[in-house]
Amino acid sequence: MGGAASQLPKEMVSEYQELTFLTKQEILLAHKRFSELQDRDSLSSRVPMEKILTMPELKSNPFRRRICHVFSTSEPNDGSLTFEDFLDLLSAFSDSATLEIKSHYAFRIFDFDDDGTLDAGDLEKLVNCLTGDTDETRLNPEEMRQLIKNILEESDIDKDGTVNLSEFQHVISRSPDFVSSFKIVL
Amino acid sequence: MVTHLGATRDRGYHGYQQSLRSRRGPSRMSRDGPPHLDLASSEDEDPPSRTPQKLAMPMGIKKAVRQLQHMQVPVSSKRTRHSRALKHFYAEAKETLAILIPWRKAIHKIGGHFGGGVQSYFVFLRFLVVLNFLSFLLIAGFVLIPSVVLSSPNNTPSIPNGTNITGKELCMKYDHSPEVLPVFYTFFLDLLSGTGFMEYTYLFYGYYSNTVAESKGVSYNVPLAYLLTASFYFLFCLVCIILRMGNVVRVLVTTGSGGERGYSARVFTDWDYGLQGDRATGLKQNTIRYRLQVDLEEDRIRLRAASLSPGQTVGLYALRALLNLVVIALIIAAFFGIAEATSFSQREAVKWTGVVGLLLEFLPSIVITASNFVVPFLCDQIARLEKLSPSTTVIVALLRAVFLRLVSLGVLLFTLWSQITCSGKADDTDCKICRYNSAQYQCWESRVGQEMYKLTLFDFLTTMVLLVLVEFPRRLLVDHCSCKLTRWVGRQEFLVPPNVLALVYGQTVVWTGALFCPLLPLINTIKFFIIFHCKKATLFQNCRPAIKSFRSTSSNFFFCLVLLFGWILSTVVLIYSMAEIHPSFGCGPFRFSPTMWSVIQASIDNLTKTTQDFFNIIGSLAFCVPLFLLSCVVLSYVAALASVYGKSVAILREQIKQDGRDKQFLVKQIKDLTRILGVPKHEEDQYDPGASWGDHHASASPPQYLPNVHSFPSASHY
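These protein sequences, in sequence, are chains A and B. Once you know that position 34 of the first sequence is 34 in the UniProt record's numbering, the rest is easy, because the numbers rise by one and skip nothing. Once you know that position 17 of the second sequence is 17 in the UniProt record's numbering, the rest is easy, because the numbers rise by one and skip nothing.
Honestly, the hints are just simulated from the structure, not real lab data. Each hint should be verified, as a subset may be incorrect.
[Claimed, not checked] 35 Å max Cα-Cα, derived DSBU-like pairs, lysine-lysine:
1) K668/B - K657/B
2) K159/A - K668/B
3) K125/A - K657/B
4) K387/B - K183/A
5) K536/B - K109/B
6) K657/B - K183/A
7) K109/B - K32/A
8) K78/B - K24/A
9) K125/A - K387/B
10) K78/B - K149/A
11) K94/B - K32/A
12) K351/B - K425/B
13) K94/B - K105/B
14) K125/A - K54/B
15) K78/B - K10/A
16) K183/A - K125/A
17) K59/A - K109/B
18) K387/B - K647/B
19) K536/B - K105/B
20) K609/B - K149/A
21) K94/B - K63/B
22) K63/B - K51/A
23) K87/B - K183/A
24) K125/A - K609/B
In isolation and in its complexed conformation, chain B is listed as follows (with noise of 0.2 Å):
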């Protein structure tokens, strides 16, 4: 019974290899040769298809079996060669499309040497760079230069009819020459504070006039041209930003979050076998190690955490309560001094000159970087005591320090907003006349504009004072003088998210006094550009590479988010100062309109009847109203997209680790069966990958070649 058991299963089981080698029979191109020329690829190829290229072999075999090749079938290359050719050709205009890329090679070179990370941020930056100057582009185009072109040369304004300026002589008032004579250093004063000689120009808002010109039929309406120029201008940089965070998330949710791969992913294919030279290789060998340490660390505090008895659980969610608490006490104490510290340099700034006025003209400046450096710090120590994991302190500290950056440039404009409006109350005395405090802002918006330039001209010069005083000297101190401090303190180590943030910071600025300082995004492209270079010296030059690296893809998705909520800040200010607080009489553009936006309403009036129906009709509810219901059902719509996409994912996933678990138990099964049935040596030994080595080319094919895993459950024979 058991040998015929045996017999029938011998018969059988050679069979089955017999018939499974007979269903790859084409495979075995030289019967002479190792048998097993058939890869991994699938097993449906034709034949004639599988190059000798694909042949993971020496090349003396591959010489071989394309000779077989051509006895068994004349090889047609034409198909591969035209395919070839156009693969080509793709290359070619690709290489040709990069070149215009600025700074493609630098940055290459970062990331080479110093990992994603920090490549991330030049690159981010790089995307700020020409989205500032294309900004410049578009406000020169359709502000400036007409401006200059249309400026009438004694510059009066001219007054449109039907506005009522009876007892508004005061409010016209716009004294903006300096009052003292000019000391031989006021000319610095003036430039690094945007006032005196500076503030009459093209830089700022009060220079430019209500002129509407016309000429040959053609006319253009400057004020119309600024609001809408602004608008256009916050509009393209919102696209610009959705389009950058599109390509990111895409990446993102293909990759299916980074943290998903598991370890032998990671070990597998972490390795990068381009990177040459020791520097990067040990770079590398850094990241992989500090990474890996990183995720089995968390792992093991998972578990610990998950050990931890319900007593010591509510006694570490107490502590961090605690903790968040004194880091929101920090915060608010922050918010009050920046508040302070504007309302006084409101104040007192216009009665003293010289180096004390500066100081007291930038002292908003000084409180807000000063904030900027000393709470994330504090918080940081905090987040010690938090005990949680490394990745999520990061993101929590990174959190924290957008919104300490970002409410602080809130809380001062909100300042500068109730010192103009006299804190919304229209009937104070300093406001009931011009229905703004025109005692201590003769020209608001160009304060406002003034207050954003030094706000980013004072950035630019902490960061430049920083790179010179602090960041050379420790290189130089620590590769000079070897005692035990330097080498504790060691050399900078360039941190991405505070630089991403200090970035953001900038921008949000730059977005903010665009209004009112026409040139900001121009200053800004310089600034940032200064930056790039300054910054890229300093990484060669000072800096060692990071063992704790900042993981870039979902990095870029979170500079982008958080320069949208900088863009959102800027546009709520936009919008206010557009439709709510009264122009300037004696300045500007828009002198004599009620708000900003009323030029729109009375530009449309001069048009067509039918154009301004059309406007009507759009503006009023009957439009309006059916619009949002629509694009509420579209966004609902696409959300259950987005939602189903993500459940099949989810799905798709299950079935990966379903299909691995069937393998499992398949491979039991045949583990089991084996057993049972008694396989004897020599069938064992096919599987015996040591056996066959000798055998064959001195590199042959290893036996995993053989029918696998991958082939078992097809089989019809079991």
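Isolated chain A (complex conformation) (with noise of 0.2 Å):
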């Protein structure tokens, strides 16, 4: 860790501290796991999504896939994530994030077409990323389509069939345990 840290410069060190959720030991973690992942050691590289989901923590992750997607900054969006994207992923996922940080995240993170709404799709996607993507694991049809139509029953207030933000926000805002579940700690 001391090696790792004389790569890292203090000022960075604070800005990072200040612009994330994480602390100076959770940043030169990351720093350290992130410099195992890539093959030189410079902060602008990217590093293919494929060596970030070698990581224990997301390797078994149904979600893992979008997860970069929606942390990665580069242009093609293919996954790929620079060391500040990864920052930015611990820190959502992070002890001390707020509510509205982990939800809007959790929000883009489930919305698999990137159209900004959760409609039918993305919420049979969802679902069978929860149970299962196998034959054997996946609900039936008739179970999917009564699941969706009771999630939309629910949470779908302007009954324009898809679940915008704020509605997925207004959900989340009464469990008050998801803040405790969304959390990837290194």
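Build the complex: two chains, separate frames, hints provided.
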């Protein structure tokens, strides 16, 4: 850890501390883990998504690809992350991030087609991620239909057939343990 | 007209948007960058305190915002540093305190791999281990060690003045040494059944004597200590259970009894992003899928039940009533079996020695354990015919099993009682002289203690035998042999409710026997400790993750409730033994007292006059009745407070629903208005999420940050 600290200048660490919800130790640990993933140590280099997905914290997460896509700032959006994207990711998933941040990013993760709302297709993909996306573990079409109908009935306030961010945040605000489960700690 | 309307509407609309933006003006830090930096966070936050941390933006934008903030307002970060240091300190303190809790890591690992239901079983087991250990320390400190220290070498009982023991020489006979020549396996048999060499030890009531030691003005009254320690032990256990229940109930009430959570809340918030590894992920996915399927099925059943014809409903209810009668008949049959076995065992066991004698000694335990296996199994099969919803089935099965276990223990105790006191008839030939059946029970307290000791031991042996002879071989069989039978049977699944009931039963036995066998809490601590490690081992080695998981928050409350029932049963036994049954003449610290409770009266008489008056006043009617009335008043006040809170929670829930309806109404109004006024296309583009994606930075904020539904009601420009 001491060796990694010498590679990341102190002003940058304190700047990152102000811009994210991470503590100093978490930033240094993130830097160490990120350097292990990349070939050469440079803050602007990108790590491709496949390498990011080898991390044990993300390897089995059913939302891992969506998470990489949401936090990636690359032009063709191939899911590759720079170190700053990585810090953004960890900040949103950290202990001290606010409910607003977490719900915002959760919405974007669940928005599989990136159209700004959760429609029936997004919800179906979401439920498949939750139950396991193999033939034995998916819900049958009848149950899926019933479930999506119930979800839209409960959360779609303006009855447009989709769940937008406000409706999503409205549902989230009533769940007290969302903040503690939306957490990834290295 | 239309154009004029359109123009004013246009201006009004734009003006509205502009004024809205200007109300949020201070938030527009960078006029150049993306305009909508204001999140769903509250609009009335002061700009300087909105740190760039809280922006859901990529790092580049946050850096730019920070630079602008620095240029505009000198950021004083002392307060944030201070608050951050304080938060850090609290986290560290909590971390260090948590180290003191035993098995924290093991339980955490269990929870991660097998889910909350199984974890709650182990948490409950840990609670019981700690409770038993503290009880043992209590008893050791006040009863065991003083007895060891103060016991006179020849152990002759000191007869207090004023007791009439003429004619009671027969009652004072207590022959505890074995009559037959010891055979080589007698040691082992005695160890298991608590007779022989084990009977006259500190383990059982019979060894303690009524010494009142006095030295240098400090006196220690062993009988009084014995009694008071037993009472305090029960109160201590009650306080622990209630504290634990209070914590659990608080969690339950605030989260509003989980069933209220709709499907949307579950689908959006159920995933735990901290899970690592395919096994844990697979388990979580299985759990979520099972819960969803169960709830969807319950909905379908409810719909179907609502659509049943009256004739079918009546038929269903008649079938359920009949099945309940069958279940009750089964349980009563079990009770008869236990009563018969107990009386048979008590009569015959003394006549036989060796292995047959051992079997007869253990006959009540065997019958109880057998019924605890067979009857719930039959009830489960019956429950399938009842066609209840899955969650109701689980609860009903649990209630039946609890009833069976606790009442069968009660039947055993009742049978013992009827034998000891000749069914309460004081004039019976056996009980006339000594007020208890001294022919059969020279020291009835030790016998009761032995029964409880045997029950505890047998329960422990059964658990171990099952583990070794059933669960491990089953796993070996399933893993190595792949015939159809093994595939159908599959690996063991760790069922939480039967295991918890076994714990509650064991603890109730210990509570009942603690008065007669003071070292029983220590034995129980060791037993539960070993069971913890063995169950953990079997969980990880032999069990597969359960598909059906037990809901953990409500189950914690249920476990404590069942434990409370067990406590009540053992308290009834304690109070009856202390107040009604005549202690044995031949053994124990209460010989020569008419009841155990009279020791207290005797020691109060030894105190000063004022203290005696004080106790007399407290015990008298003039004090107790007002106290009782006062506690009734306090109880009704608290009940009224609770109902008021419940009503306000219901009102708030209604209000939330009403808010939702208001929103729907207002949104509908907006839609109608926009439709009527004919909003032009380019305005609607601003709401079109797809358009603005490419305009700004690659992952700029989605346009949901435009004036959203929340702010409409507050607009005064309508």
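Going down the list of hints, with the structure as the test:
no.	hint	result
1	K668/B - K657/B	holds, 17 Å
2	K159/A - K668/B	holds, 9 Å
3	K125/A - K657/B	holds, 29 Å
4	K387/B - K183/A	violated, 40 Å
5	K536/B - K109/B	holds, 10 Å
6	K657/B - K183/A	holds, 30 Å
7	K109/B - K32/A	holds, 26 Å
8	K78/B - K24/A	holds, 17 Å
9	K125/A - K387/B	holds, 33 Å
10	K78/B - K149/A	violated, 51 Å
11	K94/B - K32/A	holds, 27 Å
12	K351/B - K425/B	holds, 25 Å
13	K94/B - K105/B	holds, 15 Å
14	K125/A - K54/B	holds, 29 Å
15	K78/B - K10/A	holds, 18 Å
16	K183/A - K125/A	holds, 21 Å
17	K59/A - K109/B	holds, 19 Å
18	K387/B - K647/B	holds, 34 Å
19	K536/B - K105/B	holds, 12 Å
20	K609/B - K149/A	violated, 79 Å
21	K94/B - K63/B	holds, 34 Å
22	K63/B - K51/A	holds, 27 Å
23	K87/B - K183/A	holds, 18 Å
24	K125/A - K609/B	violated, 82 Å
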